[in-house]
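Chemist: Sequence:
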Amino acid sequence: MLSRVAERIYWIARYLQRVESAARVVNAYTTLLMDLPKEINISWFNLVTLNSGENEYDTRYKARNERNVVKFTLADNTNPNAMLVSLEHIRENLRTTRDVMPENAWELINGLSSFANNSINNGALNRGKRQEFLNEIINQCQMIQGYISTTMLHDVVWDMWSLGRDLECADMTTRILQAGVSVLQDSNEANSVQTSLIVWGNVLRSSSADFAYRRSVAAMVKGRKVAKFLLCDESYPRSVKFCLTEIKRSICHLPKQKKIMEGCQALDELLDASFLKEQLDHEFLNYLSTLQLHLANLHRFFSEAWFSLDNH
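Those letters in the sequence shown? Residues 1 to 312, by the UniProt record's numbering.
No lab work stands behind these hints: they were computed from the structure. The reader is advised that the hints may include incorrect statements.
As the list claims (entries may be wrong) - DSS-like cross-link-like pairs, simulated, lysine-lysine; straight-line CA separation at most 25 Å:
| id | residue 1 | residue 2 |
| --- | --- | --- |
| 1 | Lys248 | Lys258 |
| 2 | Lys228 | Lys248 |
| 3 | Lys38 | Lys259 |
| 4 | Lys71 | Lys38 |
| 5 | Lys248 | Lys259 |
| 6 | Lys129 | Lys222 |
| 7 | Lys129 | Lys38 |
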């Protein structure tokens, strides 16, 4: 497979996961607004900070409020990580790789893109319509993922797809955890049992992990247990540990893997460290940032080994 084709497949998978993740985090914050006591204010700007978009945001907007952050995260074409921008990147990459992708993938992606654009033009970002819209985005992304995973040959194309999907998923899981910790710190009620239950319950739901958590952990929802589950559980598909295992499985089928495997080993060791304390504080946020740097290093190793250019 040509390196430019491999890179495009990898980025289609990453961008599709990014679309779903953007919908999940905005949905989670919207739910928190309804669940938390009215006297607790949460900073919507956390969603911008999570994706390192502060410079782009401040250039575009003056107020750091809900309306602007939601627009910036989902629909602003000046934000390289916005949901609609990711959808456009998917379409462009898929347009030039249709000969190696399942035949209906193009129609499904076009359908998702049309739905997203039309809905936003008709007011789907307003709070009253937002959750229904975002739930449909998540459902369509999952449908496309399911279609591709059950109709694509599980060859080198599938390996590239899996690498993009799993790396992006692992990265977003760390960012969802960051969002939970940041909300509690902003509320000044990190020690409130009720507030903690609401926040960490939403963290689980934003990863569709609440059912899996109850089955696996069989314990009250607590920050430390939720963090350990989403980072280290070996059987939940959106945990960082599970994603890393899948990345290593895909790499085994590909050339030039030595440096990449070393990067995976470093990340494995970081996940196995005794990092979780009773209080998930600034030290834990720094730990999550370190995980994100290691994941970014893996992407750099992929680019050096297999891709011709990295213009993303």
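Chemist: Now look at each hint and say whether the structure bears it out.
Modeler: Verification of the hints:
1. In summary, the hint linking Lys248 to Lys258 is supported, as the alpha carbons are separated by about 11 Å, within the 25 Å threshold.
2. A distance of roughly 21 Å separates the Cα atoms of Lys228 and Lys248; the hinted pair therefore holds under the 25 Å criterion.
3. A C-alpha spacing of about 50 Å is found between Lys38 and Lys259, which places the hinted pair above 25 Å, so the restraint is violated.
4. Of the supplied pair hints, the one linking Lys71 and Lys38 holds, its CA atoms being roughly 23 Å apart against a limit of 25 Å.
5. Note on Lys248 and Lys259: the hinted pairing holds, with a Cα-Cα distance of about 12 Å set against a maximum of 25 Å.
6. Simply put, Lys129 and Lys222 have alpha-carbon atoms about 31 Å apart, too far for the 25 Å limit, and the pair is violated.
7. Between Lys129 and Lys38 the CA atoms are separated by roughly 21 Å; this keeps the pair inside 25 Å, and the hint holds.
Violation of the numbered hints given earlier is confined to hints 3 and 6; the remaining hints are satisfied by the structure.
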